[in-house]
Amino acid sequence: MKKLLALTLIFALAFPAFADYPDRNITGVVLWGAGGTTDSLIRPLSAVAEQYLGKSIIIQNMTGAAGSVATQYVYDAKPDGYTLLMGAENPALYDVLGISEVTYDEFDCVYLIGDEAVGIIVGKNSPYKTFTEAINAAKEKPFTLKYSMTGKGGLPWVVGSFIMDVTGAMFNMIPYESDSAAKNAVVNGECDFTACLLLQGIEEAKAGDVKFLSVMANEPARALPDVPLIVKEFPGFSKYLPWGAFYGVFAKKGTDPAIIAKLADAFKKAGPDENYQKVLVNFDVNFMGYTGEKAAQYISSWRKNTVEALKSSGALDD
Amino acid sequence: MEALSHMAVMIREPWLIALVAAGTCAGIYVGAIPGLSGTMAVSLLVSFTFGWEQHMALAVMVGVYVGSVFGGSRSAILLNIPGAPAAVATALDGYALAKKGRAGEAMGLATSQSVIGTLLGVLALATCAPLVASIARNFHSIDYLMLSLMGLMMVGSLSGRSVRFGLIAGCIGIFLGCVGVDGQTAVKRFTFGIVYLNSGVDYVVAMIGLFGASEALSQITDMKATPVKQKVDKILPSWAESAKYLWLTVKSSIIGVLVGALPGAGGDIAALLSYDQAKRSVKNPSAPFGKGAVEGIIAPESANNAAIGGAFIPMLTLGIPGDAVTAVLISALTIQGLRPGPNLISQTPDLFWLIVASLLVASFFLLVFGLTGIKAFTKIVEVPKGILMPTILILSVIGAYAIRNSVYDILWMFGFGIIGYFLKRFNYPIAPIVLGVILTRLCEENYRRGVMLQGGSVMGMLGSIFTSYISIALFVLLVVLFVTQTESYKHWQAKRRGEN
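Quick note, the sequences are listed as chains A and B, same order.
Per my numbering, the first sequence starts with residue 1, numbered consecutively.
Per my numbering, the second sequence starts with residue 1, numbered consecutively.
By construction, these hints were calculated from the structure, which means they are not laboratory data.
Any given hint could be a false lead.
[Unchecked claim] Once the Cα atoms are required to be at most 27 Å apart in a straight line, the calculated DSS-like pairs of lysine-lysine come out as:
hint: 1; chain 1: A; residue 1: K311; chain 2: A; residue 2: K55
hint: 2; chain 1: A; residue 1: K294; chain 2: A; residue 2: K262
hint: 3; chain 1: B; residue 1: K100; chain 2: A; residue 2: K304
hint: 4; chain 1: B; residue 1: K188; chain 2: A; residue 2: K311
hint: 5; chain 1: A; residue 1: K304; chain 2: A; residue 2: K232
hint: 6; chain 1: A; residue 1: K232; chain 2: A; residue 2: K211
All values derive from a computational prediction rather than experimental measurement.
Based on the provided sequences and hints, a complete structural model is requested.
Following this line, the structure appears as structure tokens:
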């Protein structure tokens with residue numbers, strides 16, 4: 001009897017808690033607000049994945065400072081697999097933007113859901129019929145064309161820096177509080193143009209409120225097959241493409257590999273779920289479903305390309 | 001006719017009515033508990049209803065939304081803690097009424113006005129959505145700047161005893177509103193290298209600390225006072241009274257719809273602006289504003305519920321959220337495979353009318369759930385202070401933490417509580433602090449944007465006022481509001497009255 005007890009004790013010590021991970025609910029911290037694209041992609045995915053984990057994933061939105069507050073929060077928590085970061089592309093650039101020192105270098109990517117292409121839009125009364133026309137106008141009078149964006153570090157800001165780098169045109173970049181406000185500024189004529197995720201502009205384009213001048217991709221977009229590709233007009237963009245917003249699930253570095261494998265396994269089963277694939281189509285996200293090395297590689301090359309472009313456009317100091 | 005046939009879906013699928021009712025009931029409690037918000041509840045429902053049929057998911061979400069906006073008034077009146085941001089203005093006179101033993105009357109009034117406000121909001125949504133949407137769409141940065149200036153001018157009407165003290169309090173609020181990473185340039189301000197300060201001060205935390213915790217602190221130092229016995233014989237306002245205040249209700253609801261429809265301003269700012277409007281326009285209030293005027297409940301409560309219909313207008317007609325809850329609803333629709341945007345109503349008219357019908361049903365249940373249990377609620381105020389005050393402090397801690405799950409917010413809340421306690425002791429008004437925290441961002445960002453849009457010229461920005469009708473109208477209103485507050489205008493008015 002004593003032997004058995006001792007044996008149990010040894011086993012209990014030798015196999016720490018993760019042997020039966022998860023034994024309680026997991027917290028998933030979304031770094032953008034409720035209703036944003038990140039939030040909308042993560043909630044349904046978690047609802048499916050938790051069926052394979054056997055415990056619930058409780059989603060919390062923790063907004064603020066381009067998501068750095070949520071990133072720091074997960075970084076400060078124990079790397080035990082019970083606090084996950086549900087992130088978008090933003091943390092990959094925190095250090096170069098001076099927002100925070102904690103970037104995706106401090107995290108392992110559990111599951112990379114997919115990415116989303118970006119297009120350039122103008123308002124319905126815009127005099128510019130093509131992207132080249134807009135760029136030529138901007139070159140003629142530098143800093144007069146108004147480009148709406150979501151502030152330094154946001155997606156339109158990065159795209160604007162790409163454009164300035166490749167074309168050499170300079171614009172007046174106007175910051176708004178959200179992507180829908182930046183888009184609305186183009187619709188009501190306060191600004192001349194902006195970059196937005198394809199999904200965010202498609203309905204306005206159908207109604208004739210905005211016009212897509214160009215899609216930032218190497219191949220025609222599924223949702224907008226007739227819009228010209230940016231590489232056709234400015235081949236210089238090809239070195240930065242494919243580029244877009246990406247979304248994924250992250251755990252702090254130092255989390256037991258067995259736990260990450262278990263999580264990755266659950267999300268890998270959830271991603272191809274029929275209903276979830278419909279959600280991805282609704283949001284016009286290109287499904288990737290990467291895990292492990294493949295995901296890490298995608299993020300590091302995304303970061304390399306982006307930082308390079310930001311530096312050569314002068315948006316970032318060397 | 002087509003509208004009626006779409007709305008009859010409620011009769012064809014009667015379980016929708018039950019879902020709206022359940023949502024409204026849950027929403028009231030979510031709204032009443034400080035720190036829990038309608039936005040949180042509706043986003044929880046997004047995961048919960050993933051896989052549900054569209055109509056059912058929407059019905060329950062609309063119910064929760066309407067319930068939570070109203071629910072905030074409960075804790076504002078009973079505990080002086082506005083349960084939701086839109087109830088800040090309600091606390092000013094609601095709690096004063098409760099202290100006079102008229103909490104039941106205040107809650108009855110809040111209920112009936114919220115119901116009327118909701119109905120007027122729905123009316124606006126159903127009849128003049130395209131008009132309101134085009135105003136919302138063409139609201140430029142300079143217009144938001146002028147709106148925020150109108151809001152800041154309220155420091156005058158919230159100051160009470162002395163404008164000087166009000167200005168000091170307002171400046172404290174504006175200063176605290178500057179803390180955090182600047183959204184436009186990513187520059188950190190007053191963060192001292194602490195990452196959790198990057199996201200700045202949440203104004204709900206400020207509100208819970210300044211109103212709730214400070215009240216508990218000042219009552220604890222005065223334990224001998226016995227709780228006020230509450231009268232519960234009169235709960236619903238009489239028809240004559242309702243008729244008397246009808247014009248105020250309608251005016252406040254119009255403000256609610258318009259401000260609620262603006263993507264950059266929501267029910268909280270609508271409620272504050274209509275409180276200000278009531279204070280300026282009501283000549284002989286039932287009691288001085290801030291000391292238990294029923295007009296001080298009527299205006300913000302009808303405005304914040306009317307703002308619901310307002311917020312749905314840009315969401316349904318343009319695909320642009322009017323506030324945080326409609327932002328979540330847009331994503332819920334997208335998950336369901338719909339494409340919110342300018343074509344939504346023409347492609348899925350049934351959806352538009354389902355939302356209208358759900359709002360109508362929700363306002364009915366608001367009346368039912370809002371009026372039942374008022375007598376039980378008033379007992380809260382009669383609880384001995386030794387029990388009630390610690391409970392308020394605990395609720396304040398939980399509420400502050402729940403907003404962003406941040407321990408720093410608890411510290412902020414206590415900080416605000418202590419500031420509020422001392423300000424009260426020295427007779428400084430505290431509402432201007434909350435006003436400052438709420439409006440700083442709106443004011444500063446739109447000012448900077450307005451200047452940037454003109455290539456860095458302040459004169460150019462002022463000149464741009466005269467390029468749109470909306471801007472001209474707002475400018476005229478701003479000037480009128482300012483001039484009628486000046487001493488020389490008041491002298492002139494008094495003189496003119498003397499001559500007559």
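Check your understanding: Given the hint that K311 (chain A) pairs with K55 (chain A), does the C-alpha gap stay at or below 27 Å?
Key -> At roughly 44 Å apart (the allowed maximum being 27 Å), K55 (chain A) and K311 (chain A) break the hint.
**Study point:** Satisfaction of hint between K304 (chain A) and K100 (chain B), Cα-Cα up to 27 Å
**Key:** 66 Å, violated
Point to revise | Restraint check for K304 (chain A) with K232 (chain A), where alpha carbons must lie at most 27 Å apart | key: Since the Cα atoms of K304 (chain A) and K232 (chain A) sit roughly 24 Å apart, the hinted pair holds (cutoff 27 Å).
Review point. Given the hinted pair K232 (chain A) and K211 (chain A), is their alpha-carbon gap at most 27 Å?
Key: 18 Å, holds
Exercise for review: Mind checking the alpha carbons of K294 (chain A) and K262 (chain A) for me, to see if they're no more than 27 Å apart?
Suggested key: 17 Å, holds
Practice item. Would you check the hint for K188 (chain B) and K311 (chain A), treating anything up to 27 Å between C-alpha atoms as holding? Key: 21 Å, holds
When each numbered hint is compared with the structure, violations occur for hints 1, 3.
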